[in-house]
Amino acid sequence: MKYLKALILVTFAVLLIYAAADLPFRGDPDNRMHDERSMTNTPVAGNYYIQEAYHDAHTPNIVTVVLGDYRSIDTFGEQVVIYTAGIITLLVLRRTRRRSS
Amino acid sequence: MRSQFDSPIIVLGARLLTPYIMVFGLYVIFHGHYSPGGGFQGGTLLAAAVLLIRVATGRRVSRLQIQEFATTPLAVIGVIIYFATGFAVMITGGYFLDYGQLPIPGMDPVWLRYTGILIIEVGIGLAVMAILVMIFDNMVKGEDYA
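Chains A and B supply the protein sequences, listed in that same order.
Position 45 of the first sequence, counting from 1, maps to 45 under the numbering used here, and the rest follow consecutively.
Position 136 of the second sequence, counting from 1, maps to 136 under the numbering used here, and the rest follow consecutively.
To be clear, the hints were calculated from the coordinates, so they are not data collected in a lab.
A couple of the hints might just be wrong.
[Stated by the list, open to error] Label-pair distances were calculated between CB atoms; the ranges are:
#1 B:Leu64 / A:Tyr18: 54 to 62 angstroms
#2 A:Phe25 / B:Gly13: 40 to 48 angstroms
#3 B:Leu12 / A:Phe25: 48 to 56 angstroms
#4 B:Gly94 / A:Ile62: 16 to 24 angstroms
#5 B:Ile77 / A:Met1: 52 to 60 angstroms
[Said to hold, decoys possible] Selected chain A positions facing chain B (in silico; Cβ < 10 angstroms):
#6 Thr59
#7 Val63
#8 Leu67
#9 Ser72
#10 Glu78
[Said to hold, decoys possible] Non-contacting residues of chain B with respect to chain A, defined by C-beta distances greater than 10 angstroms in every case (computed):
#11 Ile10
#12 Leu12
#13 Leu16
#14 Pro19
#15 Val61
#16 Pro73
Here a beta-carbon is modelled for each residue, glycine too, at the ideal position from N, C-alpha and C.
When you get a sec, could you build the whole thing from the sequences and use the hints?
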């Protein structure tokens, strides 16, 4: 049983490494996701961000512009998630009235 | 109350480290336009600075820095800063969180977007710092830590 587990792990490792060898080279401008039009001839969002982020917000950090401007409602949701986690700890962990029998 | 594990070396180390961590957190928040960083990361660093004092010195000293009842209103203020930025744009006739129409006179829409991103990063940092401190306070509630 132990060898079967090890065999499964090694098999998956080999499979993942084989799949990762076929990934596109990072930062290559000829990649599919950096094209202006996709395969179905629709505009690609990442290309717009790279070209227009500085002209839209005068911010050199593209990640900040995407996070704070283009996808700002998503970031608002993340903040509400963190806020909810804090409120849940307040509700669950803080016991003001101890139930004593 | 004095702890029985009161160590001057730990207190001195925490006192030396805390201001620099706090300044670095503020740098990460406000320099997020030009370098990696932003509200979440900077808020976590600010919370680390506050929690270091809390762990090192106990409740007697850390009460002077941020009190326990102050963390929940700070988190609410952080969320409200973000929401009010989006809502102010809606009042002046734009879309929600479309910073190009923020009601600040005398600025281009481009620089208004820059300012809007900065305002929401400050709100995120405040909320994240307050909530991490709040989680720690609730977890050690009733125990004499440090």
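Hints, one by one, checked against the model:
{"no.": "1", "hint": "B:Leu64 / A:Tyr18: 54 to 62 angstroms", "in the structure": "59 angstroms, holds"}
{"no.": "2", "hint": "A:Phe25 / B:Gly13: 40 to 48 angstroms", "in the structure": "46 angstroms, holds"}
{"no.": "3", "hint": "B:Leu12 / A:Phe25: 48 to 56 angstroms", "in the structure": "51 angstroms, holds"}
{"no.": "4", "hint": "B:Gly94 / A:Ile62: 16 to 24 angstroms", "in the structure": "23 angstroms, holds"}
{"no.": "5", "hint": "B:Ile77 / A:Met1: 52 to 60 angstroms", "in the structure": "56 angstroms, holds"}
{"no.": "6", "hint": "Thr59", "in the structure": "5 angstroms, holds"}
{"no.": "7", "hint": "Val63", "in the structure": "7 angstroms, holds"}
{"no.": "8", "hint": "Leu67", "in the structure": "7 angstroms, holds"}
{"no.": "9", "hint": "Ser72", "in the structure": "4 angstroms, holds"}
{"no.": "10", "hint": "Glu78", "in the structure": "8 angstroms, holds"}
{"no.": "11", "hint": "Ile10", "in the structure": "26 angstroms, holds"}
{"no.": "12", "hint": "Leu12", "in the structure": "31 angstroms, holds"}
{"no.": "13", "hint": "Leu16", "in the structure": "29 angstroms, holds"}
{"no.": "14", "hint": "Pro19", "in the structure": "25 angstroms, holds"}
{"no.": "15", "hint": "Val61", "in the structure": "22 angstroms, holds"}
{"no.": "16", "hint": "Pro73", "in the structure": "12 angstroms, holds"}
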